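A.B. asks: In case you want the letters, here they are:
There are 2 protein chains.
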Amino acid sequence: MIVDIALSPALYPYYRQDHDTVIVVDIFRATTTMCQMLHNGAAAIIPVAEINEAKRYKAEGYLVGAERQTRKCDFADYGNSPFDYTPERVRGREVVFTTTNGTMAIREGATARELLIGSFSNIGALARHCMERAERIVILCAGWNNRINLEDTLFGGAFLERLADGGRVTIGSDAVRVAQLLWQQVKEDPLTFLKESDHYARLIANNAEEDAAYCLSCDTLSVVPLYHPAEKKIRAYP
Amino acid sequence: MIVDIALSPALYPYYRQDHDTVIVVDIFRATTTMCQMLHNGAAAIIPVAEINEAKRYKAEGYLVGAERQTRKCDFADYGNSPFDYTPERVRGREVVFTTTNGTMAIREGATARELLIGSFSNIGALARHCMERAERIVILCAGWNNRINLEDTLFGGAFLERLADGGRVTIGSDAVRVAQLLWQQVKEDPLTFLKESDHYARLIANNAEEDAAYCLSCDTLSVVPLYHPAEKKIRAYP
Numbered sequence: 129m130i131v132d133i134a135l136s137p138a139l140y141p142y143y144r145q146d147h148d149t150v151i152v153v154d155i156f157r158a159t160t161t162m163c164q165m166l167h168n169g170a171a172a173i174i175p176v177a178e179i180n181e182a183k184r185y186k187a188e189g190y191l192v193g194a195e196r197q198t199r200k201c202d203f204a205d206y207g208n209s210p211f212d213y214t215p216e217r218v219r220g221r222e223v224v225f226t227t228t229n230g231t232m233a234i235r236e237g238a239t240a241r242e243l244l245i246g247s248f249s250n251i252g253a254l255a256r257h258c259m260e261r262a263e264r265i266v267i268l269c270a271g272w273n274n275r276i277n278l279e280d281t282l283f284g285g286a287f288l289e290r291l292a293d294g295g296r297v298t299i300g301s302d303a304v305r306v307a308q309l310l311w312q313q314v315k316e317d318p319l320t321f322l323k324e325s326d327h328y329a330r331l332i333a334n335n336a337e338e339d340a341a342y343c344l345s346c347d348t349l350s351v352v353p354l355y356h357p358a359e360k361k362i363r364a365y366p
Numbered sequence: 129m130i131v132d133i134a135l136s137p138a139l140y141p142y143y144r145q146d147h148d149t150v151i152v153v154d155i156f157r158a159t160t161t162m163c164q165m166l167h168n169g170a171a172a173i174i175p176v177a178e179i180n181e182a183k184r185y186k187a188e189g190y191l192v193g194a195e196r197q198t199r200k201c202d203f204a205d206y207g208n209s210p211f212d213y214t215p216e217r218v219r220g221r222e223v224v225f226t227t228t229n230g231t232m233a234i235r236e237g238a239t240a241r242e243l244l245i246g247s248f249s250n251i252g253a254l255a256r257h258c259m260e261r262a263e264r265i266v267i268l269c270a271g272w273n274n275r276i277n278l279e280d281t282l283f284g285g286a287f288l289e290r291l292a293d294g295g296r297v298t299i300g301s302d303a304v305r306v307a308q309l310l311w312q313q314v315k316e317d318p319l320t321f322l323k324e325s326d327h328y329a330r331l332i333a334n335n336a337e338e339d340a341a342y343c344l345s346c347d348t349l350s351v352v353p354l355y356h357p358a359e360k361k362i363r364a365y366p
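Chains as they are written, first to last, in the working numbering: chain A, 129 to 366; chain B, 129 to 366.
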């Protein structure tokens, strides 16, 4: 099993190969929130990259989550907090979802053999899924406007550790070594470490401090969100 | 003084701003070798991105250094080892130089207010130069075919440490925090750490093991190579 990581969507073209299993991560907060939606019973997530597309869905009566620059868009039902998507709100529904970076990363990785949605909340379930089904894994970090960020990079190191616990893993490139070293250094208390990060300040400024702690909690749920390219929807596997 | 870092040339567009001082680094080995050329008395370096351009210069009688995929190109006088460019060979001459990643990174950064060539060998001289003259610094890592690498990333952390020793420094983004943490973790013995890296295996395969150790030696020379955009040449500052 080979593991690699693209620390930004802009780097993904230089890491991608055919037959990859791609894991999109946007820890603060899009992919954490997507895992929460499916865990809470949403039938599917329809990721859309553009605001106008989300508005069209809204006009058709869909439940719509939309965020730009860490804030909920006015027209949307909810924003990008995992706490927005309670079972009462999402059970059995298809949720249209667009966020600054996360949904664009999904578009980048949409041609992978298998595209999964990752977060600390489902990290163990994902690792088990990949150990059974994947040949080569590329973690695709959503980053921030194509810049790399600490929290997505850290996930890469944490995920590598989970895979290594379960068997033989080959490090695909120096980018994985970077993620591994960072994780080893801060894994005892990633939240404190991330308080210095670019995104944490934005979360605080938008009263989303609680979200940050939740987004770093491991194994709170066991859903494996899988992208279905034909219908362009994400559903819980199987 | 703000410091930022683009861990790959593909990321540079997302970090660049007007009035930047850009430091191009390709630690193994292009920028280390360029520092050595100027230290040893070369009048200038003419960086060229394409092999055919280097061949035209060769036909005109220029001294030409050319490397692709860690190997000296057949037509060239020398390759990409700092030991190739002795004072006897380069003193007073203009050296045409093309390497896999380094010269392409220079092309990326050529519109900066000031473009400098960095390596561990001239790290102290560079830091002093920047503390006097720069407002915002972006370290532009050459990487490997647009993938990030450990050695260039480490330079970023080391350079930040030098600047911080000399005064007030503002971290520009999470990418700098990544470089800083890596450097703090391995600075006592970067060579041993880098023996696991992507590029080290390539150096060994091409009998360039000695080069690696040299490329990680700090403050062996004090030249500050500055790119002159009008003539497209690199000369020792001032």
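Quick caveat, the hints were computed from the structure, so don't treat them as lab data. Predicted model, so just to flag it, every value in this text is computed and none were measured. A virtual CB, placed ideally from N, CA and C, is assigned to each residue, including glycine. Honestly, I wouldn't trust all of these hints.
Facing chain B, according to a computed beta carbon distance under 10 angstroms, are these residues of chain A, among others [said to hold, decoys possible]:
{"no.": "1", "residue": "Tyr142"}
{"no.": "2", "residue": "Leu191"}
{"no.": "3", "residue": "Asn274"}
{"no.": "4", "residue": "Val297"}
{"no.": "5", "residue": "Ser301"}
{"no.": "6", "residue": "Leu319"}
{"no.": "7", "residue": "Thr320"}
Simulated coverage check for chain B against chain A, where a stretch passes if three residues somewhere in it have a Cβ under 8 angstroms from a Cβ of chain A [to be verified]:
{"no.": "8", "region": "220-233"}
{"no.": "9", "region": "336-343"}
In silico negatives: residues of chain B with every beta carbon more than 12 angstroms from chain A [as the list claims (entries may be wrong)]:
{"no.": "10", "residue": "Ala138"}
{"no.": "11", "residue": "Tyr140"}
{"no.": "12", "residue": "Glu178"}
{"no.": "13", "residue": "Asn274"}
{"no.": "14", "residue": "Arg275"}
{"no.": "15", "residue": "Ala307"}
{"no.": "16", "residue": "Glu324"}
A.B. asks: None of the hints should be skipped; say for each whether it holds.
C.D. replies: Structure-based check of all given hints:
1. Taking 10 angstroms as the C-beta contact cut-off toward chain B, the hint placing Tyr142(A) at the interface holds, the least distance being around 4 angstroms.
2. Because the closest C-beta pair between Leu191(A) and chain B is about 32 angstroms apart, greater than 10 angstroms, the hint is violated.
3. Among the interface hints, the one on Asn274(A) holds; its C-beta lies about 4 angstroms from the nearest C-beta in chain B, closer than the 10 angstroms criterion.
4. The interface hint given for Val297(A) is broken, as the beta carbon of that residue sits about 14 angstroms from the closest beta carbon of chain B, more than 10 angstroms.
5. Interface hint status for Ser301(A): upheld, as the beta-carbon distance to the closest one in chain B is roughly 6 angstroms, under 10 angstroms.
6. About 15 angstroms separates the beta-carbon of Leu319(A) from the nearest beta-carbon of chain B, more than 10 angstroms, and the hint is not met.
7. Given the 10 angstroms rule on beta carbons, the hint for Thr320(A) is violated: about 13 angstroms separates it from the nearest Cβ of chain B.
8. Only residues whose beta carbon comes within less than 8 angstroms of a beta carbon in chain A count, and the region 220-233 of chain B has 0; fewer than three means the coverage is violated.
9. Look at the region 336-343 of chain B against chain A: 0 of its residues bring a Cβ nearer than 8 angstroms to a Cβ of that chain, fewer than three, so the hint is violated.
10. Ala138(B), annotated as away from the interface, has a beta carbon of chain A within 12 angstroms; the closest lies near 5 angstroms.
11. The beta carbon of Tyr140(B) is not kept farther than 12 angstroms from every beta carbon of chain A, the shortest such distance being approximately 10 angstroms.
12. With a minimum CB-CB distance of about 20 angstroms to chain A, Glu178(B) clears the 12 angstroms threshold, and the non-interface call stands.
13. Against chain A, the non-interface label of Asn274(B) is violated: not every CB pair exceeds 12 angstroms, the least being about 4 angstroms.
14. A beta-carbon of chain A comes within 12 angstroms of the beta-carbon of Arg275(B); the shortest separation is about 5 angstroms.
15. The non-interface label for Ala307(B) is inconsistent with chain A: the shortest C-beta to C-beta separation is roughly 9 angstroms, within 12 angstroms.
16. The Cβ of Glu324(B) does not lie farther than 12 angstroms from every Cβ of chain A; its closest approach is about 7 angstroms, which violates its non-interface assignment.
Of the hints listed earlier, those the structure fails to meet are numbers 2, 4, 6, 7, 8, 9, 10, 11, 13, 14, 15 and 16, in rising order.
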